[in-house]
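> Now for the letters of each chain:
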Amino acid sequence: MVKVKVNDIEVDADPKDNCILAARKAGVEIPHYCWHESLSVVASCRMCLVEVGETKPDGTVAMGPKLVPGCQTPIKEGTIIRTDSSKVKTSQQMTLELLLLNHPLDCSICDQAGECYLQDYTYKYGKAHSRLDEPKIQREDKYHIGEQIALFTDRCVMCTRCVRFTREISGTAELQVVARGSHEEIDVFPDTPCNNKLAGNVVDLCPVGALCSKDFLYKKRVWWLKHADSVCTGCSTGCSVQVDQNDNKVYRLRPRENPQAQGHFMCDEGRFGFKYIHDERRIKYPRLKAPSATTNATVRSTEPSDLTFADPWPMVLADTRKRIQTAIQNDPSGFVVVLSAFMTVEEAYLLASYIKGIDSRTKLTLGPIPIVGSDDLYPKGPKGQSPAADKVKFTIRAEKCPNRTGIEAILRHFEGSVIQAESLGKSSASAWFVVGGYSSGWVNEKIDQAVGTPSLLIVQDIFPSPLSERADVVLAAGSFAERDGTYVNHAGLAQATHASIRPPEQARADGRILMDLAGRAGLFNAMALRKEIGTKIPELSAIATGDLGEHGVRLAKFANRPAAAKS
Amino acid sequence: MSEPQTNEAQKNEALKNKPSAKKSVKWGEAPKLTILDALYLPAIVSGLATAVRHAVSGKATTRQYPEVEPEIPPNYRGVHRLNRDEAGRVKCVACYMCQTACPANCIEIIAAPAPKDDPHWKDRDKFPATFTIDELRCIYCGMCEEACPVDAIELTSIYDLTGMTREEMIFDKEKLLSVFDETVKTGRDPVRTNRGKLGPAAELSSTAKDAPPPPGRGKSG
Amino acid sequence: MINNLINSLFEYWPVLWPALAAIGVILAVVPFLGLYMTFVERKIAAYVQDRVGPNRVGPFGLFQAIADGIKIFLKEQLIPDHVFTALYFLAPAFSLITAMFALVVMPFGPVATDYKDGFRFIVAPGIDIGILMMLAISSLSAYGIIVGGWASNSKYSIYGAIRSCAQFISYEIPLGLSILGVIAITGSLNIEKIVEAQSGSLFDWNVFWQPVAMLVFFTAALAETNRLPFDLPECEQELVGGFHTEYSGIKFVLYFLAEYTHIVTVSFLTALLFLGGWHFPGLPGPSGASTPILLLGLGVLLAKVSLVVLVIILLRWSLPRFRFDQLMGLAWKGLIPLGLVNLVGVAIVLSLGLPKHLLIATVILPVLGAYYSAAKFNASTAIPNATRQGLSPQGAVSYE
Numbered sequence: 000m001v002k003v004k005v006n007d008i009e010v011d012a013d014p015k016d017n018c019i020l021a022a023r024k025a026g027v028e029i030p031h032y033c034w035h036e037s038l039s040v041v042a043s044c045r046m047c048l049v050e051v052g053e054t055k056p057d058g059t060v061a062m063g064p065k066l067v068p069g070c071q072t073p074i075k076e077g078t079i080i081r082t083d084s085s086k087v088k089t090s091q092q093m094t095l096e097l098l099l100l101n102h103p104l105d106c107s108i109c110d111q112a113g114e115c116y117l118q119d120y121t122y123k124y125g126k127a128h129s130r131l132d133e134p135k136i137q138r139e140d141k142y143h144i145g146e147q148i149a150l151f152t153d154r155c156v157m158c159t160r161c162v163r164f165t166r167e168i169s170g171t172a173e174l175q176v177v178a179r180g181s182h183e184e185i186d187v188f189p190d191t192p193c194n195n196k197l198a199g200n201v202v203d204l205c206p207v208g209a210l211c212s213k214d215f216l217y218k219k220r221v222w223w224l225k226h227a228d229s230v231c232t233g234c235s236t237g238c239s240v241q242v243d244q245n246d247n248k249v250y251r252l253r254p255r256e257n258p259q260a261q262g263h264f265m266c267d268e269g270r271f272g273f274k275y276i277h278d279e280r281r282i283k284y285p286r287l288k289a290p291s292a293t294t295n296a297t298v299r300s301t302e303p304s305d306l307t308f309a310d311p312w313p314m315v316l317a318d319t320r321k322r323i324q325t326a327i328q329n330d331p332s333g334f335v336v337v338l339s340a341f342m343t344v345e346e347a348y349l350l351a352s353y354i355k356g357i358d359s360r361t362k363l364t365l366g367p368i369p370i371v372g373s374d375d376l377y378p379k380g381p382k383g384q385s386p387a388a389d390k391v392k393f394t395i396r397a398e399k400c401p402n403r404t405g406i407e408a409i410l411r412h413f414e415g416s417v418i419q420a421e422s423l424g425k426s427s428a429s430a431w432f433v434v435g436g437y438s439s440g441w442v443n444e445k446i447d448q449a450v451g452t453p454s455l456l457i458v459q460d461i462f463p464s465p466l467s468e469r470a471d472v473v474l475a476a477g478s479f480a481e482r483d484g485t486y487v488n489h490a491g492l493a494q495a496t497h498a499s500i501r502p503p504e505q506a507r508a509d510g511r512i513l514m515d516l517a518g519r520a521g522l523f524n525a526m527a528l529r530k531e532i533g534t535k536i537p538e539l540s541a542i543a544t545g546d547l548g549e550h551g552v553r554l555a556k557f558a559n560r561p562a563a564a565k566s
Numbered sequence: 000m001s002e003p004q005t006n007e008a009q010k011n012e013a014l015k016n017k018p019s020a021k022k023s024v025k026w027g028e029a030p031k032l033t034i035l036d037a038l039y040l041p042a043i044v045s046g047l048a049t050a051v052r053h054a055v056s057g058k059a060t061t062r063q064y065p066e067v068e069p070e071i072p073p074n075y076r077g078v079h080r081l082n083r084d085e086a087g088r089v090k091c092v093a094c095y096m097c098q099t100a101c102p103a104n105c106i107e108i109i110a111a112p113a114p115k116d117d118p119h120w121k122d123r124d125k126f127p128a129t130f131t132i133d134e135l136r137c138i139y140c141g142m143c144e145e146a147c148p149v150d151a152i153e154l155t156s157i158y159d160l161t162g163m164t165r166e167e168m169i170f171d172k173e174k175l176l177s178v179f180d181e182t183v184k185t186g187r188d189p190v191r192t193n194r195g196k197l198g199p200a201a202e203l204s205s206t207a208k209d210a211p212p213p214p215g216r217g218k219s220g
Numbered sequence: 000m001i002n003n004l005i006n007s008l009f010e011y012w013p014v015l016w017p018a019l020a021a022i023g024v025i026l027a028v029v030p031f032l033g034l035y036m037t038f039v040e041r042k043i044a045a046y047v048q049d050r051v052g053p054n055r056v057g058p059f060g061l062f063q064a065i066a067d068g069i070k071i072f073l074k075e076q077l078i079p080d081h082v083f084t085a086l087y088f089l090a091p092a093f094s095l096i097t098a099m100f101a102l103v104v105m106p107f108g109p110v111a112t113d114y115k116d117g118f119r120f121i122v123a124p125g126i127d128i129g130i131l132m133m134l135a136i137s138s139l140s141a142y143g144i145i146v147g148g149w150a151s152n153s154k155y156s157i158y159g160a161i162r163s164c165a166q167f168i169s170y171e172i173p174l175g176l177s178i179l180g181v182i183a184i185t186g187s188l189n190i191e192k193i194v195e196a197q198s199g200s201l202f203d204w205n206v207f208w209q210p211v212a213m214l215v216f217f218t219a220a221l222a223e224t225n226r227l228p229f230d231l232p233e234c235e236q237e238l239v240g241g242f243h244t245e246y247s248g249i250k251f252v253l254y255f256l257a258e259y260t261h262i263v264t265v266s267f268l269t270a271l272l273f274l275g276g277w278h279f280p281g282l283p284g285p286s287g288a289s290t291p292i293l294l295l296g297l298g299v300l301l302a303k304v305s306l307v308v309l310v311i312i313l314l315r316w317s318l319p320r321f322r323f324d325q326l327m328g329l330a331w332k333g334l335i336p337l338g339l340v341n342l343v344g345v346a347i348v349l350s351l352g353l354p355k356h357l358l359i360a361t362v363i364l365p366v367l368g369a370y371y372s373a374a375k376f377n378a379s380t381a382i383p384n385a386t387r388q389g390l391s392p393q394g395a396v397s398y399e
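Protein chains in written order, with numbering that gives the first Met the number 0: chain G, 0 to 566; chain D, 0 to 220; chain P, 0 to 399.
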């Protein structure tokens with residue numbers, strides 16, 4: 000730690016920090032465009048110019064004669080940083096005027112408006128008008144730059160963050176700066192569009208509205224989006240994300256910086272893969288197929304479509320509870336529960352403790368774990384080869400589910416070992432409680448055969464499947480954006496996810512269903528349940544704090560593993 | 000008025016210190032009634048005279064509305080219209096500023112990328128696929144007009160908007176454009192704002208002199 | 000029996016038909032008059048308020064009254080749940096009946112006192128208690144309002160009815176007192192004779208020797224008609240509609256007609272008793288006059304009546320409504336003393352055999368009264384000197 004003075008505020012800074020980071024620790028913002036924490040330094044935008052000086056051993060202060068870029072200037076003991084002098088302010092004004100020289104100022108149609116650093120910095124540090132009399136240079140928009148991204152060339156401030164990203168993080172190096180001077184433009188080589196699996200990140204990296212997501216283009220003005228911290232369920236990396244929704248519709252996912260999980264970025268698969276939650280085919284109403292002896296005649300005659308207005312849940316859950324109890328009484332060891340790796344820890348705990356609470360001879364199993372290919376490591380080499388293990392900056396995992404680690408911990412606690420549901424083969428189980436929640440069709444032949452046609456089949460899922468077709472009870476569950484809870488990623492990082500939207504129609508988040516089914520008092524409260532789980536299950540004791548913070552907590556077992564972003 | 004005689008000196012002393020005893024106190028008095036007031040008749044006669052004076056003056060302020068249309072002040076805020084640009088396209092760029100500014104939540108826009116393949120739309124990036132204003136929910140405050148960065152939405156001087164159903168009072172883009180065509184054709188509402196210029200209220204100062212007085216303020220009794 | 004009846008009918012036919020004809024005229028004209036007076040009133044109200052008034056139906060809006068009439072006749076018969084049905088229906092009818100019954104003894108055109116057979120402008124000529132009967136019947140009209148208010152069984156209606164009751168009782172007295180002087184000098188209760196006594200010069204009109212009596216009469220009569228500034232029984236701002244709150248449609252129209260019939264009656268009475276009736280200087284009396292002269296007399300009378308009606312309507316749009324205590328004060332402390340003193344004056348003139356025009360001096364009476372009440376009021380509101388000097392705690396503003 001070294002002592003640094005920022006605008007007369009003394010702070011302890013890391014010797015590896017640059018001036019921007021040191022100032023940030025002092026609560027002082029140094030505006031910057033081109034610098035990004037996980038990219039190399041180029042000091043090309045000149046927005047972060049500050050006055051830097053040093054304290055001589057005799058205590059006198061010697062300020063540098065010129066302004067220096069804060070991003071490029073390292074600090075040492077006694078470094079003095081000034082961001083509030085008139086020299087710095089004039090420089091910032093000039094820089095902004097220059098950056099805005101050819102900027103079309105089409106904020107009214109720009110998707111970035113509202114979260115644009117040009118707007119923000121101009122408002123904070125810029126001047127009110129431009130002295131340019133000549134017509135602005137107008138450039139063609141480049142919709143061809145990528146499948147998911149469009150380049151509005153004239154809005155670009157040439158910070159080259161996107162270029163550096165494709166070179167340093169994805170390693171694919173599609174984006175280039177072409178021409179020079181005022182003719183500089185971002186572009187791709189002919190027929191090699193920027194379509195790598197991390198391409199979507201350049202949209203987030205772009206500090207202005209030059210690179211826009213085609214998926215989100217003109218869909219919503221950003222000031223109407225409400226944000227919720229969540230976790231991507233695309234793979235077991237468990238990227239921290241922000242769910243942006245408005246009026247109960249999710250418009251986009253954006254990566255949330257988390258050094259514990261994935262760093263600054265996320266892959267396109269996760270970024271654009273959330274749309275299944277608004278799929279029309281989702282199960283929207285709970286359903287009772289065959290009437291049991293306990294249901295009365297009026298309920299028996301109720302069609303699923305008739306349940307639109309009335310709340311069907313109390314009746315459905317009461318009946319389900321009775322059926323479960325009857326089934327367990329008849330054949331305790333023949334009652335099999337399939338926990339899905341898409342469930343949160345809390346939901347798995349609720350279901351496991353409920354079923355095991357009725358009879359400990361019941362069997363808890365783990366549902367299918369979707370594995371696609373092998374782990375995809377970045378940055379890629381020049382020929383597309385994976386990097387050496389110590390050079391990995393981002394990993395898209397083959398395991399396409401968010402919470403295998405967490406569910407296994409639950410299973411180990413309640414069942415003693417992890418039994419794969421598929422491994423049961425054509426089992427003689429008489430009753431099944433199957434939980435789905437997968438983003439796509441997950442019922443493979445193995446599990447289909449294993450389940451067969453038991454005397455009782457309860458399916459809790461979000462999409463119809465062969466199982467739900469023949470289920471006695473279908474419980475309409477919630478997707479990841481509708482759940483509160485905890486996901487434990489491959490590296491044992493437990494992260495909290497928050498519900499951002501309501502489930503469609505009469506569907507309910509799994510936690511709420513299971514809370515009612517288990518007959519527990521009160522509403523589903525993830526934080527309270529985490530405390531309960533943390534005290535009861537030693538393996539998950541790390542989440543006993545309840546509040547996992549923005550970055551989550553590492554389970555004790557995995558404490559020695561390196562941070563996920565690097566592995 | 001009969002005061003007790005005991006301790007009169009003391010009492011007078013005390014009363015002299017009261018605020019009411021000070022010279023600065025100004026006494027308001029009820030107006031004196033004269034014989035004429037008490038007689039009622041002069042007042043009645045003057046009342047009758049006033050009534051008769053008005054009755055025979057022949058200067059009725061009534062406006063024969065359907066036959067004689069009222070003079071609308073230049074900054075009147077009536078039904079909305081969506082302006083067209085020089086090429087006849089909708090001027091609106093779907094920036095949602097009006098929808099954001101609208102305090103009544105009556106504007107709903109769905110934006111779309113402009114059809115770039117169409118040479119007619121070549122220079123446009125974004126345009127409103129739908130633009131809906133609920134004229135019944137609108138409070139005609141003019142905030143949308145103020146917010147619009149491209150002078151696309153304007154309030155016209157159409158004041159007599161009526162409809163038989165709620166549905167027909169929800170104006171879509173075509174209807175709003177037709178309002179523009181109609182008002183510009185009749186010359187009733189020339190495009191008032193131009194990019195770079197100030198709004199209609201600022202331009203009022205020059206036209207205020209020629210403007211007719213607002214209805215109902217014509218004269219006094 | 001029936002034969003006898005028919006026989007007597009034939010026997011009295013020459014006397015009967017003029018009465019029937021006059022009844023026909025009244026029945027035909029009064030509702031029409033009521034209808035058109037609303038139109039006239041609306042027009043005058045509009046002109047007074049710098050408006051145009053009804054001008055959409057027919058030329059100058061002339062058919063507005065008819066349109067209103069048709070509309071109100073076709074309205075739904077609405078009977079509130081809580082009313083006493085029989086009385087509720089009877090009350091408006093009673094109101095109109097009494098109002099029109101008063102017209103029986105009222106000459107609506109020149110009537111000679113040497114009653115001849117043939118058509119006359121009066122239903123029952125030569126009634127010696129004419130004016131008395133008129134007063135008696137017109138005070139019956141209070142029952143229409145009181146019963147209507149009571150039958151409506153609503154608080155607004157009953158308040159209106161009670162107010163009406165108090166108002167009628169109070170204003171009957173000055174009404175009677177004011178006419179007594181005229182009756183005393185004429186020596187007859189017969190209205191035709193009272194008019195006859197005003198023939199001759201302009202100054203034989205009663206108004207010129209009984210100005211105070213006319214003032215009291217007109218004021219009291221206005222109060223009897225329930226019109227502004229005396230419309231406390233209706234009084235929209237306080238009582239919604241007063242006694243007719245619960246009435247609508249045709250029943251409301253009956254009340255309405257009764258009110259306008261009252262206005263007509265009062266205007267006729269004022270013209271007949273004080274303004275010389277059908278007499279005008281230079282115009283021969285009706286006795287033995289030819290038809291054109293009679294019609295001229297009719298025109299003179301109607302002109303005088305129209306003038307009074309106009310004043311009544313204009314008063315409505317000039318004066319605000321009295322407060323109820325002011326209303327009572329005006330009757331008991333203003334009009335009744337004035338009427339009494341005026342009567343004493345007439346008695347003195349009569350008993351001393353002085354010329355009746357000396358009574359013009361009675362105009363001094365209201366002036367004296369005004370002087371007295373002004374002095375009293377000013378004394379009551381003056382701030383005592385002691386208070387000014389801070390010497391008197393009474394009336395002094397205390398800040399402690």
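Any given hint might turn out to be false.
Said to hold, decoys possible - The calculated EDC-like cross-link candidates involving lysine to aspartate or glutamate, where the alpha carbons are at most 20 Å apart (straight line), are: (1) LYS135/G x GLU66/D; (2) LYS115/D x GLU146/G; (3) LYS125/D x ASP57/G; (4) LYS125/D x ASP105/G; (5) LYS115/D x GLU167/G.
No wet-lab data here; the hints were simulated from the structure.
These numbers come from a predicted model, not from an experiment.
> Work down the list of hints and note, for each, if the structure agrees.
For each hint, the structure was consulted:
1. Between LYS135/G and GLU66/D, the direct Cα distance comes to roughly 54 Å. Violation of the 20 Å bound is thereby established for this hinted pair.
2. Proposed proximity of LYS115/D and GLU146/G is supported: the alpha carbons are some 17 Å apart, at most 20 Å.
3. This hinted pair does not check out: LYS125/D and ASP57/G have alpha carbons roughly 62 Å apart, beyond 20 Å.
4. A C-alpha spacing of about 11 Å is found between LYS125/D and ASP105/G, which places the hinted pair at or below 20 Å, so the restraint holds.
5. A distance of roughly 34 Å separates the Cα atoms of LYS115/D and GLU167/G; the hinted pair therefore is violated under the 20 Å criterion.
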